[in-house]
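Chemist: Now for the letters of each chain:
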Amino acid sequence: MEKPLTEHIQPGEPPLDLAAYERTGGYEALRDALRSMEPREVTRIVEDSKLRGRGGAGFFTGMKWSFVPMGENAPREKYFVCNADEMEPGTFKDRYLMECNPHLLLEGMILGAFAIQAPTGYIFLRAEYHKSEEVLAHAIREAREAGFLGKNILDSGFDHDIHLHTSAGRYICGEETALLNALEGRRAIPRAKPPFPPVVGLWGKPTIVNNVETLCNIPPIVRNGADWFKGLGLSEEAGTKLYGVSGRVNRPGMWELPLGTPLREIIEEHAGGMREGYRFRGVIPGGASTDFLVEEHLDLPMDFASVQKAGSRLGTGTMIVLDDRTCPVGMVLNLERFFARESCGWCTPCRDGLPWVEKILEDIERGGGREDDLGLLQEHSKFLGPGRTFCAFAPGAVEPLQSALKYFEEDFRRHFDGKGCPYHPQPAAAR
Amino acid sequence: MATIHIDGKSYDADPGKNLLQVSLSLGFDLPYFCWHPALGSVGACRQCAVRQYRNEEDKDGQIVMACMVPAADGTRISIEDEEARQFRKSVIEWLMTNHPHDCPVCDEGGECHLQDMTVMAGHAYRRFRYRKRTFTNQDLGPFINHEMNRCIQCYRCVRYYKDYAGGRDLDAFASHNHVYFGRSVDGTLESEFSGNLVEVCPTGVFTDKTLKHHYTRKWDLQSGPSVCAHCGLGCNTLAGARYGGVRRILNRYNHEVNGYFLCDRGRYGYEFVNRPSRIRHPLLHTDASDTDTLSKPESCSPEEALRQARDRLRNARRVIGIGSPRASLESNYALRAFVGEDYFFNGLPSAESHLVTLAAEILRNGSAETPSLREIEGADAVLVLGEDLTQTAPRMALAVRQSIMRAPEEKARAVGVPPWNDRAVRDVIQAERGPLIVAAVDETRLDDAATSVIYRAPDDIARFGFAVARAINADAPPVEGLSDEETDLVQRTAKTLSAAKYPVVISGVSLGNEAILQASANIAWALDREQKPVGLSFVVPEANSVGIALLDSAPLRGAFELVSSGKADAAIILENDLYRRTHALDVEKFFTGLRTVVALDSLRSPTTDRAHVVFPAGTFAESDGTFVNNEGRAQRFFQVLSPEGDVAESWRWLGRLQSGSAPSDEPRWKNLDEVLDAMAAELPDVAGAKDAAPRADFRVAGARLPRSPRRFSGRTAILANLDVHEPKPPDDPDSPLTFSMEGTAAMPPAALVSHYWAPGWNSVQALNKFQDEVGGANRGGAPGVRLIEPEKPIHSYFTKIPDAFSPHDGKFVVLGLHHIFGSEELSRHAPALAERIPEPYIAIGDADARARGVTEGRELVLRIFGREYKLPACVRPNLPRGVLGVPFGLPGLTGIVFPADGHLLE
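Chains as they are written, first to last, in the numbering used here: chain F, 1 to 431; chain Z, 1001 to 1906.
What the hints contain is simulated information worked out from the structure, not anything from laboratory work.
On a predicted model such as this, the values are computed, not experimentally measured, just so you know.
Do not take every clue at face value.
[What the hints assert, rightly or not] Over 10 Å on every C-beta distance to chain F, these chain Z residues come out as not near it, computed from the model:
hint: 1; residue: ARG1046
hint: 2; residue: ILE1063
hint: 3; residue: GLY1416
hint: 4; residue: GLU1486
hint: 5; residue: GLU1530
[To be verified] Under 7 Å between C-beta atoms, here's a sample of chain F residues computed to sit facing chain Z:
hint: 6; residue: LYS50
hint: 7; residue: GLY157
hint: 8; residue: SER343
hint: 9; residue: THR348
hint: 10; residue: PHE383
[Said to hold, decoys possible] Quick look at which bits of chain F chain Z covers, simulated, 3 or more residues with Cβ under 8 Å:
hint: 11; region: 7 to 19
hint: 12; region: 198 to 209
hint: 13; region: 293 to 302
hint: 14; region: 386 to 396
Virtual Cβ for every residue (Gly too), placed ideally from N, Cα, C.
Bound-form chain Z, shown alone:
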């Protein structure tokens, strides 16, 4: 700890930080633009000027930029110094010479860092009396609106997009006061993380195009703490809503998980909530079991739907429940409690169920801890086995991209350059990155950042992993028959991981290969046996994949067997489209064997179309619940808006379904806390979920916490032509939050933060005030509770090493290739995101293509499990022989269980 002196007072400071970060952490309002806690210092904007004195005797001092000076012991500065103040005011005045003076019509207005800093620095009257410089804007695709006249040239956008996120198609062009930030030509931004520009840009150059469609002002958004529903990482989000629809997603800072950034699927997938195809009222199918005479569903009252469902279920021989990895822990538990442990199924095909359970098992009982995304960012060596992270766990790919800076940063430190000095660090390290080793079936979007890449069939990736474990620790099982190239990379990888201070091994379930998971576990355990620290991370497909694994229930197959054997004749299907899970024929057979199907879901699907009664389930935005992410972190999401129509959480419907039929009968659970209490009592493995967020009776100084911002202007809303009456805000029995601006302005616990605001800080950068130190931990700790912590026993190695993959003539292994846009079930329905979904294709390796005379784009016919898929060929230079790929989860390609055996027909 260092002692620094600011305006004559002494403070403790971290000498590893710069004066700007330290001053902000101490609560000083020192304006800044180009600096960002995640991007470091570059000294471009000159906004954070202070006066620095050499020592106590020095009365003159000199103007310095706080962001470029380390908080070394004994540093003396003045923030209040008159000349420093005047200079800061001048910087704003210079920026405003060209900035439009039209805040009231600007999309950033009201949450603009430039507005805040202008007020903070005190510039008010315009002395520049000449014309402003203007630019032409670009069409940057469906996500981002571009308005270059607003640019203040802070360079954050290109530093984020290129340096931080590895993008290649956004740059700074031209010079002097004509510097232009954009693409070389109009076109959709390529990066999967482009949406963060909206939050990185301190003014209105890059704004959220999906929000813009609604003409909604930020201060009119009712907002709540949420958790992303579109992959297994559980990034924390702030969802903003108005007029019964979600209007945008912002990042919600979780120091351990997503930090400052989201992926574009997470930011733009939300629009599925607003789709016209949403189920908003219960639906009845009088005769859904007969596919030939499938009736048109009719909506009915909740009471009628509940009555019919209860009657049907009461008369059933046996009711089974099918849960879902995209439904909350609470809803899954509610269904399990309804149908009983033995008749509750996790809704997954056997293979996936096995893999996700295995992953959870390895993390629970193995000796390696699983890292948070922040810890992955801190890793100084990363090995990725089999996952194309950018497609399957995008935010993790962004974290891995930061890890490759760790080892080079040490080099900069050696010549006296601290890691926060981004400008100098990059001059020192130049192109040096890594180490990052990627073993994948095909090119991944991280290859450009990798120091070594190897393309192999899934079994060979596993063999590579097993061999690395063996090279680290001699007790691990050996692998025979590796090529020289493989052996060389094995040795180098083992050496790299062993030499690292904190290596991380990442694999996942996307290739459907058990041996890859086991191999990665072996590597982690091998390092552990060698007394090396290590992190082991698994990628799982869905928001609650780990949650449902912890419920420890049987896969779909068991449910199918109960029905085909006639033991069960009714099923409740929770937020799960079975046609996406397994072969359509099996699903058909299942439905045919059922006399009663009750489904709960938010969007119509082939499965809801087979249900006799459908209950309108709330999406993440209309529900309270808990997801457990890939590291076993239980995180609560809260309603952002009070649901329209009859929409309610699935657990709430299931509670009502279990009560008596008299109107006075209480539902089984009155609120979320009752579900959580019951679940905790019954299931110790997930009992910790109770503590993921404060309970509904939590109060700050006796008051609830408002979902609406303090400047909410709902009273003058556009519905005033219909009704000027202001309805009573709905009650919220499930959380300490209100659906209004009523409540305390005090600092909420991190799990209950609905928006970032502090006096003088209206932009997202008010977040500074919600952290222990700027860029550091959330005040009161990161939201969520880790349910998985390893026991740290010495685990015996997995020993079943697969044989080397050898292509069979005519028979292919078909893999599901994941796409950030399109492979996930819900976000696919978001219109902006849908523009980014690729056309279906069959990926074929160059060698196989040449052997068969297949050229790019030629139509191929692929037979999998009796079904034929006719799609254009996509020739991939690196896809191994004997392996084909089709995009996972795209329409027309659902219901394939990967890896599948496939035959190419002539």
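The following block holds chain F by itself, in its conformation from the complex:
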């Protein structure tokens, strides 16, 4: 089984430096591309590879690149931005890639920047990722010194430099347009779309924003071709995916597996199944902002289309498992508290709706819940849905809520009538 993203990573060892990376064939794709390819050809290979964004939304990467204006009349200033603001609860895949093999990301970025002819790149890094910052800063220095970054890269006439920007720490910065605003020094609030960043992005110029894992796929795709990449997936969808599992399983962790690996295989084989004394009740498949999947979904191939068909989203592919000794209401409360706090405050439903959801869930956990709270929560999961809010933040935030109401309604009811949380019977004050 091929693992293009992680094959050269030795857990516990220091990150691959430039020399080590080059020994694995690193920067060969870049050399090839700069020597013998037109920018559009790079985009075409990525388009043909059917690579979909690994940040959560699953948009086709090559298609995104193809929206950037090219040619004589296109703006000279363009930007290539790596979204490394990995703040999705339960998600730690990008960190692994950055901390262990930073040049893979850099090569992917330079290839992408070459494809859209962007002279400037940024890595927007999560505030808390201190080690990633250190590793990336070193790697950028190495790449600059070796001539992979800077003016006239490898004598190709192509200029590109990458700047590392560490976030001030807001979840919303992971939303690509809020990220651009933050990068410009503005309030981190999403932008109106259209226009989309490939046309109007950073400082009003064409900009591509791609996730770390997405970009790490670029060098192997350019090196091995689109067909090779398509062949990696188990299902219709192409490539491998970093899947992660946390929760009460025997071996929480992360594995690079073919896209479309069944959920059961991930949880039972790779994560070693549920811990002794815990039963599987459900899983949030792709970070906090996706709908629960339950037992009936265990044989689902974990790819974008299949998970969507089952009513959830693949998201980041890093899942949180709910067991039978953890209160689903408490778990949803924990998530909604996070979302209510991280709302940027721009649009009403998100800014004022999520705190209400949080308060209701809190009240239910404390035993103050009432029958009509379920209606209120239902209403919120509908009215904070797509199209009703300014960006995708709130629709994502209510995904675990709406699915919890669907699958675990009985658990909500068991809290009512002053009973409080049946999983944590101690009085509220003690918790």
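Given chain F, put chain Z in place with the hints provided.
Modeler: Same frame as chain F, now just chain Z:
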């Protein structure tokens, strides 16, 4: 025109607008918060949700925000859709989770957009059973009260204050449901346009602090259509009054002039009307002509004052009249009619009189049209010569600030973003603005918005302007001896103006420099000769400066000469403090030569103190009359309140003064229309003023129009402990308005709008119903009549180009530097505004300061025309060498005729 379908019916719509604006214009009551016609769409509040269908077959549709969707041909939406309705109700419910439930004690209550939208959207019962979030309020200075708990986070305030008005000290802080709108620290809001927050805010976060002092509810304000008296632009206002005082000024929408916004001088200057120093009864000075034994004025009855004045004037050798640019056209005309054309003077120093007349002359006989403020907003290139607009014509500065969005907006349009999509436009254009070129003597408050700024002495500003004209059209006279830097900017400016679709050139009289006016005219004419469209705008100092210029009368000097030569010995002085106009010695000499002085004014002044008889003149709030603004637009203002005491319009006093002395004798004019008719018959240049508003006999469906709102509750007023009797409302012979709530509720013509109200719309945003389309023209056209339209001849260029300015050793050119707060005569007396008046200073350029070892704050002694002024130095980095400035019109600095020669004493 596009066809759109709303709930199954087809309507014509402008595809260049969004669905919210179109729906409101069609009369649908679709609630909204973050959208504002002047600010565009940002999609923040999510209140205007509707269901949109892809086509006729689509039965599912999807929820969209009307403000973010263009009204493209074939668009199908449902406003009535049940889920859309429920969602709109939910948005209110979310907003109300934290909003205080105390409308009865809120300063916004009764004219609150949030109240209106809550009722409109149908949210009634509170399901949120948790605690509300609370904030700490800030002290934002004398104009604005801050109450953050009421905030619904619509972001309008910062979008208006920062994006629209260019302010820097109001912002959004924090995030999630703790977003806070305020300053980084407590303190007075810096923007000269902060008062508009009161109207922009859809709830009670920003309210009018001066109104709050009076505990007056909006529905108890008697209100009338008025025109701002505090500069030459003639912004339309709604003045609200109660208990004999004006309580606040609101914006009155004039599509062509002020649109939605006023400046803070215009909004807060009104408090002078309520001053204790107001003259409310006639005053007699038995011996005013002798300065040594100046008696204390005594008030007397109107009859006694009229008798004494008539006697004195009858026995005079010759009576001269001194008019005023701050008095109405009617009052000036009444005085002119009294004393005769040859003995009527415009009350201005010669230089200013000459400049204002020249400006009017250029506009009347030149080939360039003068733009309204709306047209300036639409300009895609602006050149300002010599004016610090924010100080001399503030609302025009705000208009210029909008013009700099026009060219960048085209860039947004090119990537498919329409101008109304404010959020996306700003993402596309980023920091790109302009073009705006400013040539000034010192930093101006528009410099931050300008693409090029040049600081020069007044003559050099004129030379720059002349050179731009020459660079546009080779027939214009050349300018020799410009520096390379100047030549470069000249070329760039000429190119920019020539390339623009509608460039506007602005100059004015504030520097007292004739050549600047001529240079700006040359530029406009040069563009005209090149077959380019162009607007030429002049800034004039006072509310009726252009009006008095159109009366075509001689300056003050002529009056002084008639008196010093002994030909005249009596003067009637109309609303004019001569000590502000020219050197005190000249004024003293004038008064000494007069045996009789009759003055009409509203506030006591050194001039009224020299008068034998003083008549209490009505301010704008107690008068009916007409001002002619800088573009030659005659606009009528009406009494807001029936005057207390013996206060009456000056024209009314002058009419009475001219009648016989028997009590049965009729005054010369019984009402305003008679004055206007007489004026129109005699003076064709201003005859159009007659049509500035409907006449007093105008009726709507046979009824008059009420000044009091429909929910007026005067009957339960606080004077009830003294008298429960309700007096008969005063009659109004001068207008179709009543001093009560009696009258028709029908839509009045724009010139007679006393308040904005429509069923379900109690806030100022009821204005939507008073426009042809929301944000567009006033129903029935913008109020006022343009008296000046150019003949469009080809005019020959001005050719007298001044020499380059060279500083003389020891001698300075002293300029009057204007301040929005303090330089204007009347608003200076408003207590809230007075807090913003700067301390007097002497501005000195950095180079001169260094040469003389002058440091900031050091006391300087400046001698002008024999008088010494001892003031602290204010070192200005950009003020040219050889030029000094002192604040114009501040106490202690009046009576200087600028530009003046000055000497700095050691």
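Chemist: For each hint, tell me whether it holds in the structure or not.
Modeler: Cross-check of the supplied hints:
Consistency note on ARG1046 of chain Z: stated as away from chain F, yet its beta-carbon is not over 10 Å from all of that chain's, at 5 Å minimum. Not every C-beta of chain F lies more than 10 Å from that of ILE1063 of chain Z, the closest at about 5 Å, which undercuts listing it as non-interface. Against chain F, the non-interface label of GLY1416 of chain Z is violated: not every CB pair exceeds 10 Å, the least being about 7 Å. The beta carbon of GLU1486 of chain Z sits about 32 Å from the closest Cβ of chain F, which is more than 10 Å, so the claim that it is off the interface holds.
Interface exclusion of GLU1530 of chain Z from chain F stands, the closest Cβ pair being 30 Å apart, more than 10 Å. This hint is violated: LYS50 of chain F has a C-beta 28 Å from the nearest C-beta of chain Z, more than the 7 Å allowed. Taking 7 Å as the C-beta cut-off, the interface hint given for GLY157 of chain F is violated, the closest approach to chain Z being about 28 Å. Look at SER343 of chain F: its Cβ gets to within about 4 Å of chain Z, closer than 7 Å, so that hint holds up.
Interface restraint check for THR348 of chain F: the shortest CB-CB distance to chain Z comes to about 5 Å, inside 7 Å, so the restraint holds. The interface hint given for PHE383 of chain F is met, as the beta carbon of that residue sits about 5 Å from the closest beta carbon of chain Z, less than 7 Å. Three residues within the 8 Å Cβ limit are the bar, and the region 7 to 19 of chain F against chain Z gives 0, so the coverage statement is violated. Counting residues of the region 198 to 209 of chain F whose CB lies closer than 8 Å to any CB of chain Z gives 4, so the stated coverage by that chain holds, three being the minimum.
Counting residues of the region 293 to 302 of chain F whose CB lies closer than 8 Å to any CB of chain Z gives 0, so the stated coverage by that chain is violated, three being the minimum. Figure legend: the region 386 to 396 of chain F, annotated as covered by chain Z; annotation consistent (4 residues with Cβ-Cβ distances under 8 Å, at least 3 required).
In this structure, the earlier hints numbered 1, 2, 3, 6, 7, 11 and 13 are contradicted, and the remaining ones agree with it.
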